[in-house]
Amino acid sequence: AQKVTQAQTEISVVEKEDVTLDCVYETRDTTYYLFWYKQPPSGELVFLIRRNSFDEQNEISGRYSWNFQKSTSSFNFTITASQVVDSAVYFCALRRGSTGTASKLTFGTGTRLQVTL
Amino acid sequence: DTAVSQTPKYLVTQMGNDKSIKCEQNLGHDTMYWYKQDSKKFLKIMFSYNNKELIINETVPNRFSPKSPDKAHLNLHINSLELGDSAVYFCASSQVSGLAGGPYYNEQFFGPGTRLTVL
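Protein chains in written order, with this note's numbering: chain A, 1 to 117; chain S, 1 to 119.
Okay, chain A solo, but in the shape it has when bound (with noise of 0.2 Å):
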């Protein structure tokens, strides 16, 4: 069975604060996808990225950083120099590496990040 476990429920930073969210990651499958969604409280979901299991290497954009560590099971997610636009609920989510009925999303319960000035 696939599991996102996303142990923070909620974090508070000020601006320009470094801020990491994380998010641990259980598959059997060998091939697999990991992405990262932001919903900020006009409540649409925006994709920010997806990292392939066959690829562990880290992704920067802009203020944006994720970590893929296979050997731990985690993806972690790190805002630098947060903003209050920054402020979301972000998720974690799994799918699995094949068609069908694996095409779904499994979600972690999210993380609520609050920056204010």
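In short, the hints are calculated from the structure, not lab data. Treat the numbers as computed from the prediction; the structure is a model and nothing was measured. Treat each hint with caution, since some may be false.
In silico BS3-like links for lysine-lysine, alpha-carbon gap of 27 Å or less [what the hints assert, rightly or not]:
1) 70(A) / 71(S)
2) 38(A) / 44(S)
3) 71(S) / 22(S)
4) 40(S) / 52(S)
5) 36(S) / 38(A)
6) 3(A) / 19(S)
7) 3(A) / 40(S)
8) 36(S) / 71(S)
9) 71(S) / 40(S)
10) 38(A) / 40(S)
11) 22(S) / 38(A)
Here are some chain A residues the structure puts well away from chain S; computed CB gaps all over 12 Å [what the hints assert, rightly or not]:
12) 7
13) 12
14) 18
15) 22
16) 24
17) 26
18) 48
19) 49
20) 64
21) 67
22) 80
23) 93
24) 106
25) 108
26) 109
27) 117
To be clear about the criterion: a stretch of chain S counts as covered by chain A if any three or more of its residues have a C-beta under 8 Å from a C-beta of chain A, and this derived list gives those stretches [what the hints assert, rightly or not]:
28) 38–44
29) 50–61
Every residue, glycine too, gets a C-beta built ideally from N, C-alpha and C.
For chain A, the structure is supplied; the task is to place chain S on it using the hints.
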């Protein structure tokens, strides 16, 4: 230019009524999904269609019936609405694209959500 759209955005109705939510995507994707987000923000898959064929049907009451008239549309009909059906329902779509070495599964793009409130 909206990629995945849903109507209506808000739906308030009485217990026992029947209602539908519509979803359309203009991304040319071959797979569409319905997810339910409860009051604690937990997101769970309900259904998925691939090229109009039902491929995922999670443990959902049979009062919920999805219909996919074509690849670009996936509607959700709910009969005899109950208080516990109150939630935000998200439609999503994705495309499996082939690359050298095998399939490559792309991310799912979500609609804006439909907030259903059952009174």
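Per the stated criterion, does the least C-beta distance between residue 67(A) and chain S lie above 12 Å, as a non-interface residue requires?
19 Å, holds
Take a quick look at residue 117(A) and tell me if its Cβ sits farther than 12 Å from every Cβ on chain S, holds or violated.
At about 25 Å from chain S, residue 117(A) clears the 12 Å cut-off, so the statement holds.
Outside-interface status for residue 22(A) - nearest CB in chain S farther than 12 Å:
17 Å, holds
Residue 48(A) remote from chain S - nearest C-beta pair above 12 Å
It is violated; residue 48(A) is separated from chain S by about 9 Å at its closest Cβ, not greater than 12 Å.
Exclusion check [residue 108(A) not at the chain S interface, CB over 12 Å]:
9 Å, violated
Taking 12 Å as the cut and beta carbons as the points, is residue 49(A) off the interface with chain S?
8 Å, violated
Beyond 12 Å from each Cβ of chain S, as asserted for residue 93(A)
8 Å, violated
Do three or more residues from the segment 38–44 of chain S put their C-beta atoms closer than 8 Å to C-beta atoms of chain A?
holds (count 5)
Over 12 Å from every CB of chain S: does residue 109(A) meet that, or does the non-interface label fail?
Violated, since 6 Å does not exceed 12 Å.
Assess, step by step, whether the Cα of residue 70(A) is no farther than 27 Å from the Cα of residue 71(S), and give holds or violated.
Since the Cα atoms of residue 70(A) and residue 71(S) sit roughly 35 Å apart, the hinted pair is violated (cutoff 27 Å).
Under the criterion that the straight-line Cα-Cα distance not exceed 27 Å, is the pair residue 71(S), residue 22(S) satisfied?
13 Å, holds
Does the alpha-carbon distance linking residue 36(S) and residue 71(S) stay inside the 27 Å limit?
Holds - the C-alpha atoms of residue 71(S) and residue 36(S) are around 21 Å apart, at most 27 Å.
Violated hints for the displayed structure, listed by number in ascending order: 1, 4, 6, 9, 18, 19, 23, 24, 25 and 26.
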